[in-house]
Amino acid sequence: MVSKLDDYLRFNEAALSLRAQRQQLLASNIANADTPNYKARDIDFASALQGALSKSAQPGQLAATSPQHQQAVANGDMLGDGTPVLYRQSAQGAADNNTVDMDVERNQFADNGLRYEAGITMLNSQIRNLMAAIQGGN
Amino acid sequence: MSLFNIFNVSGSAMSAQAQRLNATASNLANADSATDASGKAYRAKQVVFQAVPLEDGNSAVKVAQVVEDPSPLKQIYDPKHPMADDKGYVSMPNVNVVDEMVNMLSASRSYQNNVETMNAAKTMLLKTLTIGQ
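Residue numbers (this note's numbering), protein chains in the order written: chain V, 10 to 147; chain G, 319 to 451.
Hints were generated in silico from the structure; no laboratory data involved. Treat the hints with caution; some may be incorrect.
[As the list claims (entries may be wrong)] Chain G is faced by these chain V residues, among others (derived, beta-carbon under 10 Å):
hint	residue
1	40
2	56
3	58
4	59
5	94
6	99
7	125
8	126
9	136
10	138
11	141
Glycine included, C-beta positions come from ideal geometry on N, C-alpha and C.
Bound conformation, chain V alone:
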């Protein structure tokens, strides 16, 4: 029963979590717009969401109950769930080897933020549906 509720909400939960992480990457790009040799980074959202959904669909993930257990370590090249963090192709080069294009980043930042809020609206309506079902219209 509880897993049914989980399944019902999983898609939007995974999408929101990825959107939040992508927003953070885009914020890093905007923050480093003037840093020499910085390379703009991003994730491929569609494949990342596919990966997150297929991974979270597998039941019985191992819990690390001892510090000696292997943990998925988040490093600079992938997110915590193994999504590779890619480098953006720059349309035009810069003298300081920085590949941040502020137009692209601001566009993507606004787009991603809006989709995040849309995801929250979807999640809210799902929760309202559940509440209606639970309360039986009372």
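Assemble the complex: chain V is given as a structure, and chain G must be docked to it using the hints.
Coordinates of chain G only, in the frame set by chain V:
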């Protein structure tokens, strides 16, 4: 909650840009200072930004160092000046006012960008708090 990290990233960028603006202000203020604390002509100062890698491929910014412009000082002929050498030339600061104005605009725009990034993150977090209401 990864969205909170945006405050750290944008905040680091804001303080780095503010330091750059500070260097620009110092350079413009001292554009005509024939002597600095050491008794020589003032040299333009520039900040060097460096990306600080965080987890999940994110990067904050820090000012790695403040460098002095190594380009030659301006030589101005003014024999009556107390700092003039035996040929009558005074070494004046190598501040390029055009460069500094460009730096000032760029730093101010970048600062604004990061403020807006922070505001967007704040809106998203507030929206997140409404889940289930």
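Hint check:
1. 40: holds, 3 Å
2. 56: Violated: closest Cβ of chain G sits about 15 Å from residue 56/V, beyond 10 Å.
3. 58: Violated, about 16 Å.
4. 59: violated, 19 Å
5. 94: Status holds, d = 3 Å.
6. 99: At about 16 Å, which exceeds the 10 Å cut-off, the nearest Cβ of chain G leaves the hint on residue 99/V violated.
7. 125: Because about 6 Å separates residue 125/V from the closest Cβ in chain G, which is inside the 10 Å limit, the hint holds.
8. 126: It holds, given that the least Cβ distance between residue 126/V and chain G is near 5 Å, below 10 Å.
9. 136: Nearest chain G Cβ about 5 Å off; hint holds.
10. 138: Hint on residue 138/V: violated, closest Cβ of chain G at ~12 Å, above 10 Å.
11. 141: violated, 14 Å
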